[in-house]
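Asks: The listed protein sequences correspond, in order, to chains B, X and V.
Quick note: the first sequence uses my numbering, first residue 1, plus one each step.
Quick note: the second sequence uses my numbering, first residue 549, plus one each step.
Quick note: the third sequence uses my numbering, first residue 767, plus one each step.
No lab work stands behind these hints: they were computed from the structure.
These numbers were taken from a predicted model, which means no experiment stands behind them.
Fair warning: there could be bad hints in the mix.
Simulated DEER-style distance windows between Cβ atoms [as the list claims (entries may be wrong)]: (1) V/G899 x X/A690: 47 to 55 Å; (2) B/V492 x V/I770: 41 to 49 Å; (3) B/T200 x V/I842: 31 to 39 Å; (4) B/F75 x V/P941: 36 to 44 Å.
Beyond 12 Å from chain B on every Cβ pair, some chain V residues (computed) [what the hints assert, rightly or not]: (5) H977; (6) G1014; (7) Q1052; (8) I1061.
The C-beta atom is built at its ideal place from N, Cα and C for all residues, glycine as well.
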Amino acid sequence: MTTTAYRDTAVPHGTIDAPDDYLHVTHTLRSWLLTTDHKRIGILYLIAITGFFIIGAIAAGLVRLALVVPDGSIFTNDTYNKLFTIHGVVMVWFFLIPSIPATFGNFLLPIMIGTKDLAFPRLNLLSWYIFMSGALFAMAAVVAGGIDTGWTFYAPFSTTYSNGYVILALVGVIVVGFSSILTGLNFVVTVHTMRAPGMTWFRMPIFVWTIYATSLIFLLATPVITIALILLVMERAFQIGIFDPALGGDPVLFEHLFWFYSHPAVYIMVLPGMGVISEIVPAFSQKRIFGYKFIAYATIALATITFFVWGHHMFVNGQSEYASMSFSFLSFAVAVPSAVKVYNWTATIHKGDLRLDTPMLYAMGYIGLFVLGGLTGLFLATLAIDEHVHDTYYVVAHFHYIMVGGTMLAFLGGLHYWWPKFTGRMYNEAWGRVSALLLFVGFNVTFFPQFLLGYLGMPRRYHVYPPEFQLLNILSSAGATILAVGYIFPMVYLLWSLWFGKRAPDNPWDAKGLEWMTTSPPPLHNFKTPPVVDFEPYDYALKVPERD
Amino acid sequence: MTEALAAGVGVEVLEQFESEAQQRRAGILGMWSWLLTELLLFAGLFLIAVVLRVQYPDSVHQAVAHLKFWIGATNTAILIVSSLTMSTAIELSRLGHQRLMVRAMLATVALGTAFILLKSYEYYVDYVEHMTPFLNRPFELADDRPATLFVNLYWVTTALHAFHLITGVTILVIMALQARAEGYLRRHQNRIEIYGLYWHFIDLIWIMVFPILYVIGR
Amino acid sequence: MNGIGNPLDIWPAAASASAVESDMLILAFTAVILLLTVPIFLAITYFAFRYRQGVAADRTHSEARSNLIELSWMIIPFVLTLFFFFWGARMFDAHRHAPPGAMQIDAIGRQWMWKFQYPGGQSEINDLHVPIGQPVVLRMISQDVIHALYIPALRIQMDVLPGRYTDMWFKADKPGSYHLFCSEYCGTDHSVMGGTLTIMAPADYQDWLSHAGSDTTLGAAGEVLFSSYGCAGCHKGDSTVRAPSLVGLYGKPVPLEAGGTVEADDQFIRDKILTPDKTRIAGYKQVMPSFKGIIAEDDLLRLIAYIKASGQKTGRADDHHSLP
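Build the full structure now, drawing on both the sequences and the hints.
Replies: Laid out in structure tokens, this is it:
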């Protein structure tokens, strides 16, 4: 089967734009802001979350700057607290959660299952506007004077003692939750009802599986944080007496409701990244993915187990000892499906025909950092170790290995992998490889010292710290500058490629999958002729031993 | 769709769908998914109310005694009847009786409005009786923390439900106006089915709210 | 001796046997984890060179999928790591149960300082002194938001909640000064809500106690409060109001009006003082007023110490409540 089966062969590729590709059918700003095309909405999200990433990254940079000195002399304690809160709130709710699902998911999910659009295109646009209005509330809170609660909003600090614009920020997060719910709903319905003829469940790419699992988490977990945050707003505004013990409430109840959502939210951030890696690794190994069904099942297993481990954030908050033991045990179980994925990726590379292009470098970096992040999670799930490193820099390092080393590298890897498809342009490969390497080095220099700091006993969210921790903090801040360069490079050369990059062929990587069978960029309705799927996923040529 | 549809009743297939059946399936599944999240939203409140009842039966008993049982009961009856009129509208839409269907929808609107008016009256009486611990006014049970929280939960839960009902009535009015147009059922019969799920769901939530807040431990 | 580290440390000082065991746990776990992951890293690196496009290599593979391989890399690592789950859980369990005879020190957290109250009535701000070899249990409560008391040298921490006592115990065995931190974010000056734990030889500790200045023990101070807050008016034997005597109450089961009993521990006594309506005692009319907002957390702990001591006077003399 040829890779151009679903493009109009009358238009020679690489010479002129297909006249009706989604980027060029209309040009006005209005046509973008009122679009119902899932591809354009994906791009709208990409632009929006890039903006929020820059805000969150600047806050992170200022946090690292403040920590160069141990005495907290660069900012006031209050300013520092607001900075790390902005960093946490913006990065979690306005970058990481929508990152891969809302951009790549929106753009690719319909194409990968061979349909024209999502089931509810107008709802999809509405989700983006809801997202932006939620962001507006959160940004208003920042501009008005900031909040100092941390992204976790623990009561009774957030309800009674904090002086910041907590309600404004909470409303922003609640509103963004609805955007997540509607996006998840759209994806679930699309996967269930819109698959092309022949696209059975086990012919779906792993990326679609992970987006589907993520969408289920959106539907099942987000309402719980919504109601918890609504009650938090009520408590702050009207003292209804639910979370503040001075009013007869229970602050631990908020922790339970918060983590019942926020632990699954970690998998909202992690699963799609695993999906991206599961696309990149076979493409650049030119080999079928090893253990397809095991990876698909492991995805669903992770999305299920994640609802039963929230208590591992509360081992030292006085919850029942036996609850803690159960949560600890279940958290160990998370390692099983995670290990399945890592071992299968490694086995996929084995005997492959490897090209170490930019996306593959990101993917290999991802595997290394995700393994380190995941396994330190296992340490944290060990009760006696958590008693020591809970709420220290060890935890900070752990989740940055998952969020930045994992999700962020997967996001950038995916962005490079699909960039030709999104934009119809090739980026500069040499610059791509250099920045992938810079990011990997910068990341490790920034965050590895934080494991040591945590074990030495430096608590998180500390502006003033004992002077003996300064050396490691300076090292970490130095790493952050390398990391910053690693982020700025792609922003520059990717933008540059939009105008000056080479025209991208339909399938620059010789990859399999429906998205590579249509033009780059795809036409308005994704395919010239509706596809019929008569092939397995990742049908790279087998190199069967000769004696068979 | 298992239900047989009369001739001239159907769905204008939207661009992204391949067939009417696909579009109907997507619409129904979408609404069920949404209702699932709504149920989870209310479930948090129900759970807290039930835990309060188990832990502090005396306090909750005191609070429940001050709720207006008969207004709640009447409202329950109103919503059950409205479910009936909505079901009638759906059945009429399948049979293609467009004018009658619009009347059934307007009857549902009327019942929904009656609920909201009665609820507003109840809120007014609550206000007059100082059943508003979240405001800065004297409150009889102020020393009893669980009772106070229960009354606050009553306000949060019923207000959230009322918000859903007001939204529902608004959408239904718009739909009823649109449905007067010639050929509506030929193009958009599925909207009636999908909306019906939402209306029944609001009723169902109230049918859970009523015993959890008003009835048990009276 | 100084347990506070220097800039080139990559490992913190350990001041208890339990801390040493924590270190062993994480080191052993790390060794097993390395055993499981280093092969992956080596394999990926090796494959990256061996199977790079253009390099001649045997690339033949079949589509046959070995379920045995999948199952073995699911089950074997899991079983290996479970050993550490049990180890960690056993230690955690031990950390939850203080040995009998542990010396109780009260810790009160508030924005942004720690107050410690000793059985002998001494109290300190942000400094904690303990003797080596003596199990110490910290009974902790917060006056405002959630804090957490964290002592890295002992490898332990515990949240300090408003409205609820939490415990943390340890037996220090290395004299020196060590950091103590608040590890749960609590507002503006969270990062300066710390202090120093000083671990001393028993003789030095006794010496320190006698110079720390206190005329009365915690229990005796509680006795004074028992009168000044008016508790004695009803709860003394010769009172006109029929209220239960509190002598010997501590640790005993109390029958409830609703049936069943509840143990009269610190939390029960605290709740009964602040929210007397919450639990009704069988055989007594609930007439006691609430003392919420009237009695501060440190005084509550003194009252509890008094009620506790009042029972022990009739029995064996309580050694730590009668310290000078």
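Asks: Please go over all the hints and tell whether each is borne out by the structure.
Replies: Here is what the structure says about each hint:
| no. | hint | verdict |
| --- | --- | --- |
| 1 | V/G899 x X/A690: 47 to 55 Å | holds (51 Å) |
| 2 | B/V492 x V/I770: 41 to 49 Å | holds (45 Å) |
| 3 | B/T200 x V/I842: 31 to 39 Å | holds (32 Å) |
| 4 | B/F75 x V/P941: 36 to 44 Å | holds (37 Å) |
| 5 | H977 | holds (27 Å) |
| 6 | G1014 | holds (28 Å) |
| 7 | Q1052 | holds (17 Å) |
| 8 | I1061 | holds (14 Å) |
In summary, the structure agrees with every hint in the numbered list given earlier.
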